[in-house]
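Protein chains in written order, with the working numbering: chain D, 1 to 295; chain X, 1 to 334.
If you are wondering where the hints come from, they were derived from the structure by calculation, not from laboratory data.
A few of these clues could be false.
[What the hints assert, rightly or not] Below, simulated EDC-like cross-link-like pairs (lysine to aspartate or glutamate); rule was C-alpha separation at most 20 Å, straight line:
1. D:31 x X:129
2. D:259 x D:62
3. D:259 x X:129
4. D:65 x D:252
As the structure is a computational prediction, the values presented were derived from the model and not from experiment.
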Amino acid sequence: MAEVIDLKKDAVQNRAAGPWREGWRSFKKSKISLIGAGIVLFFIVLAVYGPNIAPQGVNEQDFTKRLLAPSGQHWFGTDDFGRDIFSRVVHGARISLWVGLFSVILSAIVGSVLGIVAGYYGKWIDTIISRLFDIMLAFPSILLAIAVVAVLGPSLQNALIAIAIINVPNFGRLIRSKVLSVKEEEYIVAAKAIGMRDIRILFSHILPNSMTPIIVQGTLAIATAIIEAAALGFLGLGAQAPAPEWGKMLADARIYLLKAPWTMIFPGLAIMLTVLGFNLMGDGLRDALDPKMKS
Amino acid sequence: MLHYMGRRLLQLIPVLLGMSFIVFMLIRAIPGNPAQVILGQQATKEAVEALNASLGLDQPWFTQYFRYLGGVLQGDLGVSLRTKLPVSEEIFPYLAATAELALFAMIIAVIIGVNAGIISAWFQNSWFDYTAMVIALIGVSVPVFWLGLMEQWAFSVKLDWFPSSGRENVRDPITPITHFYLIDTLIQGRFDQFTEVLKRLVLPGMALATIPMAIIARMTRSSMLEVMRSDYVRTARAKGQKMFVVVYKHALKNAIIPVLTIIGLQTGLLLGGAILTETIFSWPGIGRYIYEAIGFRDYPVIQSGILVIAFIFIMINLIVDLLYTVIDPRIKYK
Chain D
1 MAEVIDLKKD
11 AVQNRAAGPW
21 REGWRSFKKS
31 KISLIGAGIV
41 LFFIVLAVYG
51 PNIAPQGVNE
61 QDFTKRLLAP
71 SGQHWFGTDD
81 FGRDIFSRVV
91 HGARISLWVG
101 LFSVILSAIV
111 GSVLGIVAGY
121 YGKWIDTIIS
131 RLFDIMLAFP
141 SILLAIAVVA
151 VLGPSLQNAL
161 IAIAIINVPN
171 FGRLIRSKVL
181 SVKEEEYIVA
191 AKAIGMRDIR
201 ILFSHILPNS
211 MTPIIVQGTL
221 AIATAIIEAA
231 ALGFLGLGAQ
241 APAPEWGKML
251 ADARIYLLKA
261 PWTMIFPGLA
271 IMLTVLGFNL
281 MGDGLRDALD
291 PKMKS
Chain X
1 MLHYMGRRLL
11 QLIPVLLGMS
21 FIVFMLIRAI
31 PGNPAQVILG
41 QQATKEAVEA
51 LNASLGLDQP
61 WFTQYFRYLG
71 GVLQGDLGVS
81 LRTKLPVSEE
91 IFPYLAATAE
101 LALFAMIIAV
111 IIGVNAGIIS
121 AWFQNSWFDY
131 TAMVIALIGV
141 SVPVFWLGLM
151 EQWAFSVKLD
161 WFPSSGRENV
171 RDPITPITHF
181 YLIDTLIQGR
191 FDQFTEVLKR
201 LVLPGMALAT
211 IPMAIIARMT
221 RSSMLEVMRS
231 DYVRTARAKG
241 QKMFVVVYKH
251 ALKNAIIPVL
261 TIIGLQTGLL
271 LGGAILTETI
281 FSWPGIGRYI
291 YEAIGFRDYP
301 VIQSGILVIA
311 FIFIMINLIV
321 DLLYTVIDPR
331 IKYK
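Pulled out of the complex, with its shape left as it was, chain D reads as follows (with noise of 0.2 Å):
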């Protein structure tokens, strides 16, 4: 009896080395990927939690106090309408890890799906979808995104979709590499050989093993496309007033750069904070489930 307990004690042993522990384990190390995760998780606070947090409603005008100065009452100073820009800003949080976040997810999902076609079946579909990424990707980024942005009329959701389309070959072809090396493993080799279905073996065979480039791709892909969206509310293609866009009130703010700088300071600070948040994270998972990939 003593030694079946014994077995089960192994197995959960043997379970603590897996990858995601380990991978867990390393990541806890290094004290820069914590600090990243710990400026993700304060946005992610601010963006749930935004509007308990805020002291001012997020439009809430008072035109007897336009372009204050930072002070105990208005932490980030007040805009050109009397709004209170700390709350503003606060309430920008949701909306900026809103669409880092889903135009990622979109990248991802449609990326995967394109660059396990393309891995599994080779032939003439991998050429006709790896022509198509080489094709976006000797595009400009920000170009393209304002031409699609353009063609779809301005608005936060086209941003949204411009940034997920720009960002779906870097997915692709990640997905493509891993698939065409995970491909010929035995295990993969068998599964064939037991007359399993093509379809069955990419999702439950291929996928999950192509599954850690992606999470690392994919945090720091939300990082760039926080940055993204932010440029093209900037040039006014993303979010609309009076949405409190954290690139929309930095170019809503800079007739004021000599007046009242603060209008734009803490937008883009704030920017900058998230950013570096998802990229000091984004390090870290690489190095931690990804060994090879460390640069």
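Once you have looked at the hints, place chain X on chain D.
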């Protein structure tokens, strides 16, 4: 080598064809009719139709596409609907403005980035290493347009060291020859204008340089760290070679190859990605040119502008690949 080059150039053809087709279709999907934009909202239906016909916009899309493609192959990039000038002529000054800015930024990025990376690797885990890498991390995270605005605020509004925008002093215009103003002013011996142009390059150049600088520094550091551990570097040190020579002569030669790829890639990205910096600093570059053309539904300009940028981007990558063989003779292309 020639064989390899030929094959690479042949491979470009389907990519460029695909790009021209995607851009063509994308632009035609932009809502709004160029003839209507040119003539204004009051224009009669007949006038709009007549202009459409004279611009060839009433033809089926494939006729338009193949006519355009035929033109491009003969070096004809179309005629701007807005200015009525050939795009191939009109585009050059904009391209030169962006190229001058991008090259200036890239020189800053390479000099600072490569050296910061080398010193960080040399003195790994020192305070310099930590500071440089933290700055590099912030550098890749900062939105360029915000950095540009902050620079304007600090260095032109507050300190008044540099002009805040524009490529030249409008009261003292530069006579263009090559459209690269640094070169033009030198040819004409106008050193006062030369310093003016240089001053105006500093702020947008720094903003544009930040991201590639950070990426280059990180890449150089990791590549150097790897090489510094190799046997031949230990041998060089063991025979009493000065550390500076070991690092800059022996190690750097092998470490620079991946850095070179990044430099090439980033130069290409700067050309098209400069649009935000150009917006902030009122720089008359190619990004602004295309962005404004979208507002006017100026199909030929958008089409050819994007195509030209993409073409340059692809060519830079090709040149970088070929440069490898010069730097590392062990790499041979077949």
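For this session: Enumerate the violated hints, using their earlier numbering and listing them in ascending order.
Result: Of the numbered hints given earlier, the structure breaks just one, which is hint 3.
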